[in-house]
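Chemist: Residue numbers (the working numbering), protein chains in the order written: chain R, 91 to 299; chain U, 91 to 299.
Heads up, some of the hints might be wrong.
To be verified - For lysine-lysine, the following BS3-like pairs were computed, each having C-alpha atoms within a straight-line distance of at most 25 angstroms:
(1) R:299 with U:246
(2) U:112 with R:299
(3) R:274 with U:112
(4) R:246 with R:112
(5) U:160 with U:118
(6) R:274 with U:246
(7) U:246 with R:112
What the hints assert, rightly or not - Computed list of chain U residues with no C-beta within reach of chain R, every gap over 10 angstroms:
(8) 151
(9) 178
(10) 209
(11) 235
FYI, nobody ran anything at the bench for these hints, they're computed from the structure. Where is the CB? At the ideal position from N, CA and C, for every residue including glycine.
Protein chains: 2
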Amino acid sequence: MSGEIKRRGLMLVLSSPSGAGKTTLSRKLLESDPGIVMSVSATTRARRPNEVDGKDYHFVTPAKFEEMVKADAFFEHATVFEHRYGTPKKPVTQTLAAGGDVLFDIDWQGTQQLGEKARDDVVSVFILPPSHDELERRLRTRAQDTDEIVAKRMAKAGSEISHWPEYDYVVVNRDVDRALAQIKSILDAERARRTRLIGVGDFVAGLTK
Amino acid sequence: MSGEIKRRGLMLVLSSPSGAGKTTLSRKLLESDPGIVMSVSATTRARRPNEVDGKDYHFVTPAKFEEMVKADAFFEHATVFEHRYGTPKKPVTQTLAAGGDVLFDIDWQGTQQLGEKARDDVVSVFILPPSHDELERRLRTRAQDTDEIVAKRMAKAGSEISHWPEYDYVVVNRDVDRALAQIKSILDAERARRTRLIGVGDFVAGLTK
């Protein structure tokens with residue numbers, strides 16, 4: 091009898107500048123596909139009242155975080171405004187081994203680190219805003235924002251966007267449903283990638299003997 | 091103003107042993123997606139009454155075929171039962187340059203030749219039958235087929251199937267609608283692959299300046 095084809099999970103990375111709609115796309119993807127879960131980061135910053143430990147973040151002490159860094163327990167980590175953030179390896183590798191997929195909402199620096207440690211498992215997607223005007227509109231979040239503040243945000247977005255050539259796929263978010271469909275296609279396709287499949291040899295041997 | 095993102099077309103190769111349902115999947119894909127066209131092979135064999143020159147095949151003389159081989163005008167070519175078959179380069183490269191995709195129904199040998207000449211444009215999918223019994227059922231096309239004939243067809247299928255590791259994707263055709271959806275996802279995803287996109291740099295430059 092032929093064996094069953096299984097597969098190793100994949101790490102789907104969505105990156106984009108602020109204002110490209112990534113948070114909405116991540117949420118909708120998670121809602122529509124039970125086979126993929128969000129990666130939960132560890133952080134040293136204090137828990138906010140609306141946050142749940144283990145769901146929004148794993149809240150850890152600076153000492154514990156440093157211990158994990160030394161034990162090479164993170165796929166990637168960074169310091170932002172004196173707080174440390176990192177992606178613990180263990181829950182991700184367990185999910186992948188069980189054939190589940192993990193979603194990452196990280197920037198280009200995190201993506202680079204992830205790629206160094208787990209290139210074969212990473213599928214990276216860069217999401218672009220549809221136009222200059224739309225990006226500016228989304229970055230001008232409050233009516234009283236000065237042109238100077240908006241210009242600063244545009245410059246920051248420009249710096250982030252410059253890393254698009256480091257990604258496997260590029261999706262322009264003109265329409266959220268179309269962009270979501272494209273991300274779902276990428277996930278569906280990458281699940282059928284030969285190098286991720288396990289047991290094809292046995293399955294195939296059983297087909298004709 | 092930001093430029094427009096265009097893309098280079100891709101060459102989608104579907105291969106499978108007889109009895110895996112490839113012909114049905116190809117037809118349904120072509121019917122459902124106007125952005126992809128079937129590659130039309132050239133052949134030296136005689137036209138059958140129901141065939142249309144330029145649609146089913148380009149019917150050419152042996153001398154013309156040989157001339158095209160010498161001019162390196164084929165992506166791949168082969169001889170089957172003394173007749174020659176080949177994929178002319180020109181219509182394919184024109185379609186790709188215009189952003190259109192081309193579907194190829196070729197075997198592993200053709201796929202290898204295509205890969206040598208146009209690796210970056212090729213996306214290859216190997217379609218597997220769901221089980222030994224189902225494959226045998228499909229290969230036993232007539233009630234009077236002897237077990238010996240069916241065993242011969244199974245052996246031939248086994249030899250073809252052994253080339254699955256040379257493909258980018260593997261799809262098991264358990265259910266034709268699911269297999270079709272998976273092939274459509276592969277096509278949709280590969281259309282968003284960064285390396286196929288043209289003009290992203292200009293588009294991105296226009297986003298933030």
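Chemist: Each hint should be assessed against the structure and marked as holding or not.
Modeler: Do the hints match the structure? See the list:
1. R:299 with U:246: holds (12 angstroms)
2. U:112 with R:299: holds (21 angstroms)
3. R:274 with U:112: Roughly 24 angstroms between the alpha carbons, so the hint for residue 274 of chain R and residue 112 of chain U holds.
4. R:246 with R:112: holds (16 angstroms)
5. U:160 with U:118: violated (36 angstroms)
6. R:274 with U:246: Violated: residue 274 of chain R and residue 246 of chain U sit about 36 angstroms apart, past 25 angstroms.
7. U:246 with R:112: violated (49 angstroms)
8. 151: Residue 151 of chain U is indeed farther than 10 angstroms from all Cβ atoms of chain R, at 39 angstroms.
9. 178: holds (29 angstroms)
10. 209: The claim stands: residue 209 of chain U keeps its Cβ more than 10 angstroms from every Cβ of chain R (closest is about 15 angstroms).
11. 235: Given a closest Cβ separation of 16 angstroms, the condition holds.
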